[in-house]
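Chains as they are written, first to last, in our numbering: chain H, 1 to 250; chain Y, 1 to 260; chain Z, 1 to 318.
Calculated from the structure, these hints are not laboratory results.
No residue lacks a Cβ here, since even glycine has one placed at the ideal position from N, Cα and C.
Please note that the accuracy of each hint is not assured.
Stated by the list, open to error - Covered, in the sense of this in silico footprint (three residues per stretch, anywhere, with C-beta under 8 Å from a C-beta of chain H), are these stretches of chain Z: (1) 64 to 73; (2) 79 to 87; (3) 145 to 152; (4) 164 to 173.
To be verified - Incomplete in silico selection of chain H near chain Z, CB under 7 Å: (5) Met144; (6) Gln146; (7) Ser150; (8) Leu151; (9) Ala153; (10) Pro165; (11) Thr245; (12) His247.
The chain contents come next:
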Amino acid sequence: MTAYLTLIVILPLAAVVAASGEDGWAGFWAAVSNPEAVAALKLSVLIAILAALVNAVLGTITAWVLVRDRFPGRSIVNSVIDLPFALPTIVAGLVLLALYSPSSPIGVHLAFTRWAIFMALLFVTLPFVVRTVQPVLLELDMEMEQAARSLGASEFTVFRRVVLPNIMPGILSGIALAFARAVGEIGSVVLISGNNPFHTEVASVYVLNQVHSGNRSAAAAVAVVLLLISFVILLLVGGIRRLATRHEYA
Amino acid sequence: MRRLALRTIALGYLAIVLLGPLAMIFFKTFEHGFGAFWDAVTAHESIVAFKTTLLITAIAVPLNTIFGIVCGLAIVRRRFPGKGIVNAFIDLPLAVSPVVVGVSLFILYGRGGWFYGVFENHGIQILFALPAMVIATMFVSLPFVAREVIPTLREVGEEQEQAAHTLGASGWQTFWRITLPSIRWAVIYGVVLTTARCLGEYGAVAIVHGYKTTATLQVQDYYENFNQTGAYAVSLMLAVVAVIVLISMILIRPREVEAA
Amino acid sequence: MSISIQNISKRFGDFVALDDVSLEVPTGSLVALLGPSGSGKSTLLRIIAGLERPDAGSVHLADEDVTASSPQDRAIGFVFQHYAAFKHMTVFENVAFGLKVRHRPKAEIRARVHDLLDLVQLEGLANRYPSQLSGGQRQRMGLARALAVDPKVLLLDEPFGALDARVRKELRVWLRRLHDETHTTTVIVTHDQEEAMEVAETVAVMNRGRIEQTAGPVELYERPKNEFVMEFVGAVNRLGDTFVRPHDLEVTVEPNGSTREAMIVRVVQLGFEARLELVGENGEQLAAQLTRDQVEVMELAPGQIVYVRPTRQTTFTE
Chain H
1 MTAYLTLIVI LPLAAVVAAS GEDGWAGFWA AVSNPEAVAA LKLSVLIAIL AALVNAVLGT
61 ITAWVLVRDR FPGRSIVNSV IDLPFALPTI VAGLVLLALY SPSSPIGVHL AFTRWAIFMA
121 LLFVTLPFVV RTVQPVLLEL DMEMEQAARS LGASEFTVFR RVVLPNIMPG ILSGIALAFA
181 RAVGEIGSVV LISGNNPFHT EVASVYVLNQ VHSGNRSAAA AVAVVLLLIS FVILLLVGGI
241 RRLATRHEYA
Chain Y
1 MRRLALRTIA LGYLAIVLLG PLAMIFFKTF EHGFGAFWDA VTAHESIVAF KTTLLITAIA
61 VPLNTIFGIV CGLAIVRRRF PGKGIVNAFI DLPLAVSPVV VGVSLFILYG RGGWFYGVFE
121 NHGIQILFAL PAMVIATMFV SLPFVAREVI PTLREVGEEQ EQAAHTLGAS GWQTFWRITL
181 PSIRWAVIYG VVLTTARCLG EYGAVAIVHG YKTTATLQVQ DYYENFNQTG AYAVSLMLAV
241 VAVIVLISMI LIRPREVEAA
Chain Z
1 MSISIQNISK RFGDFVALDD VSLEVPTGSL VALLGPSGSG KSTLLRIIAG LERPDAGSVH
61 LADEDVTASS PQDRAIGFVF QHYAAFKHMT VFENVAFGLK VRHRPKAEIR ARVHDLLDLV
121 QLEGLANRYP SQLSGGQRQR MGLARALAVD PKVLLLDEPF GALDARVRKE LRVWLRRLHD
181 ETHTTTVIVT HDQEEAMEVA ETVAVMNRGR IEQTAGPVEL YERPKNEFVM EFVGAVNRLG
241 DTFVRPHDLE VTVEPNGSTR EAMIVRVVQL GFEARLELVG ENGEQLAAQL TRDQVEVMEL
301 APGQIVYVRP TRQTTFTE
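With the hints as constraints, model all of the structure from the sequences given.
Following this line, the structure appears as structure tokens:
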């Protein structure tokens with residue numbers, strides 16, 4: 001089992017790290033601080049954060065509605081949320097292109113712009129916050145909210161002082177996972193972004209282009225940066241999980 | 001009143017972000033009629049692409065399933081050094097960009113790579129051929145079965161297995177007759193997720209593929225060669241599979257929750 | 001503040017939780033809603049609190065119709081069976097919550113919270129989290145929290161149900177004393193008849209969504225309105241159509257006119273008291289309560305034939 005894990009996961013990742021250092025520290029730094037690479041990374045991070053935050057707000061609302069509200073078709077809606085997990089990203093990219101291209105049926109022309117990338121990342125990260133907040137909401141003791149009401153708190157105060165603090169860990173880990181996914185996303189953006197360096201080229205597409213141009217170590221360098229971001233996110237999520245359970249009853 | 005407002009916001013958002021694209025696929029695919037769709041889907045490249053995707057999936061899913069079950073059992077039932085690290089590494093593929101995976105295989109198996117010589121001498125081509133695509137797909141779809149099995153095993157507890165042992169069952173018998181049935185639905189759910197991921201993989205195989213394309217790569221290929229109908233046709237097939245996956249998830253999820 | 005409940009009905013789907021229930025709770029009194037699970041007592045309490053809405057009927061607090069008001073607007077204090085502690089806040093913050101949402105000045109809050117913590121004997125635990133407290137401590141915190149906002153009405157939903165016997169007894173005494181001091185109108189829900197009788201001045205016995213009888217503990221015990229009340233409020237022997245309390249069943253070793261024959265199955269010594277488990281002539285199970293001395297003097301033992309006669313009995317005409 002560990003052999004399998006090593007072969008499939010650990011070895012490849014170790015190789016990436018090693019390869020990025022092939023030309024030494026100087027080489028690594030040069031590859032990473034190359035203006036095009038920097039622009040690509042900045043763009044990836046920026047749009048990923050934006051998409052994650054938007055989905056944090058709307059995802060929380062969606063989770064709330066799914067857990068607390070009753071309406072016909074609720075279970076279907078609940079399952080549709082997983083669509084971005086089930087649908088191949090290239091397909092998502094293709095249809096987003098169709099929706100927002102110059103020949104768009106709804107008259108929205110965003111293709112080949114940063115907004116198009118944003119919409120793609122929004123699609124791809126939609127389920128994350130919803131799915132991390134839902135279980136927390138389900139577990140939430142509704143009597144705490146009733147107690148707060150009986151003590152005179154307005155509905156907004158009940159949400160702000162009782163519900164929110166308790167679902168915050170769920171929201172935060174959802175944001176972290178969404179960000180990790182978005183920053184490295186490729187399938188849904190490769191068609192729609194137009195790969196305009198410095199303008200709409202994201203980090204993952206940059207890496208792809210570098211590989212196809214034969215710049216292995218440059219690709220590896222940026223790949224390592226992306227990998228680092230992933231590692232940090234994973235640690236963060238683990239930390240959030242520990243922080244969340246510190247007030248649990250023994 | 002507030003309830004209605006929230007409901008509208010949530011449903012409206014979902015409709016825009018999710019259903020819009022889904023509807024688009026159907027609309028665009030049949031824009032030029034069913035005949036064009038059928039031709040595109042049965043074209044030679046399409047068939048080859050579907051076959052490749054299915055082949056890769058047929059290899060990756062069983063292997064990752066076995067890994068997931070073995071790993072789950074090891075992590076939940078046994079003590080061994082480095083358990084925490086193994087646990088962390090299982091989650092890694094979910095957080096890592098597919099291009100990173102592609103690049104890593106390049107480095108390991110490409111010209112001048114770590115293992116290039118080893119395979120070259122035996123006449124086996126890894127990169128730009130099926131093996132690299134399979135490995136890449138195995139990486140990205142690794143976690144799903146394990147992540148479903150682990151919490152289920154925890155919930156089910158060891159008592160049933162212990163009872164079996166006291167009644168004289170061997171390790172294998174216990175596993176086959178007691179443990180496996182108890183995690184049956186978790187495994188099935190995990191397999192569904194793994195399969196969906198394999199079918200949909202793009203980024204990693206985009207870097208390591210050779211002449212052969214997978215269905216997802218074929219979509220891009222068609223698109224870049226101005227064959228819109230082809231691109232949408234293959235996309236529709238993939239989307240249909242995605243919907244089937246979703247439906248399976250709806251059906252299996254309650255059973256998984258119940259069993260645990 | 002008085003509570004007036006008139007003709008309240010409530011159903012959950014097909015289940016009738018409350019059926020045309022009316023009750024008056026005078027200002028300053030302590031009333032218990034006593035009944036088995038499913039009797040509707042918690043539902044009634046929640047309707048008084050505004051945590052549930054009735055299908056029909058009205059609730060008046062101090063002559064004001066609050067049936068449509070939210071819990072926020074009712075000036076009540078509610079104590080939950082499972083504490084409903086704000087687990088992400090310290091004990092101090094929990095108790096201070098009601099004052100905080102009323103925007104009281106910090107100094108006032110601090111003083112009041114510490115007074116209350118002293119009152120409930122949780123001083124020194126102000127900075128702990130609920131997860132670090134025992135069940136009894138959490139419930140006392142719940143009480144302090146509800147009292148912090150000077151409620152006109154205090155509502156307790158099986159407040160001691162989740163605690164062990166000894167803690168329950170202590171808190172009962174404590175609650176009674178608190179009420180004697182503050183005279184806040186209080187309604188307590190319980191399924192424990194001993195608790196109701198000990199703590200409350202008036203007990204409303206509920207069964208299947210209706211109030212069977214509302215009276216003081218003594219009257220409920222001595223003059224129960226029907227079979228259900230009599231059986232719920234204390235142990236009872238059934239002899240045909242008549243009901244006899246165990247301590248009203250006289251036991252003698254010689255027959256005497258109107259006595260019946262019975263055989264002792266078991267003698268249970270409970271300190272000063274003794275309880276006899278008997279089987280009557282028609283196979284009915286009987287229980288008699290005697291003092292230890294009586295058992296000794298008559299030399300009662302299992303297997304012995306004795307003669308029983310009710311000194312008092314109740315029949316219900318219905």
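Now the hints, each set against the structure:
1. By the rule of at least three residues with a Cβ nearer than 8 Å to a Cβ of chain H, the coverage given for the stretch 64 to 73 of chain Z holds, with 3 such residues.
2. Counting residues of the stretch 79 to 87 of chain Z whose CB lies closer than 8 Å to any CB of chain H gives 6, which reaches the minimum of 3, so the coverage claim holds.
3. Residues of the stretch 145 to 152 of chain Z lying with their CB closer than 8 Å to a CB of chain H number 4, which satisfies the three-residue condition for coverage.
4. Note: the stretch 164 to 173 of chain Z has 0 residues with beta-carbon separation from chain H under 8 Å; the three-residue rule is not met and the coverage is violated.
5. The beta carbon of H:Met144 is positioned within 7 Å of a beta carbon in chain Z (closest approach about 5 Å), and the interface hint is therefore held.
6. With 7 Å as the threshold, the beta carbon of H:Gln146 comes within range of chain Z, its nearest partner Cβ sitting at about 5 Å, so the hint holds.
7. With a cut of 7 Å, the hint placing H:Ser150 at the interface with chain Z holds, because the nearest CB-to-CB distance is about 4 Å.
8. Against a cut-off of 7 Å between C-beta atoms, the interface hint on H:Leu151 holds, since the closest Cβ of chain Z lies about 4 Å away.
9. For H:Ala153, the shortest C-beta to C-beta distance to chain Z is roughly 4 Å, which falls under 7 Å, so the interface hint holds.
10. Checking H:Pro165 against chain Z: minimum C-beta separation of about 5 Å stays under 7 Å; hint holds.
11. Taken as an interface hint, H:Thr245 does not check out: its beta carbon lies about 10 Å from the nearest beta carbon of chain Z, beyond 7 Å.
12. This hint holds: H:His247 has a C-beta 5 Å from the nearest C-beta of chain Z, less than the 7 Å allowed.
This entry does not satisfy hints 4 and 11, going by the numbered hints stated previously.
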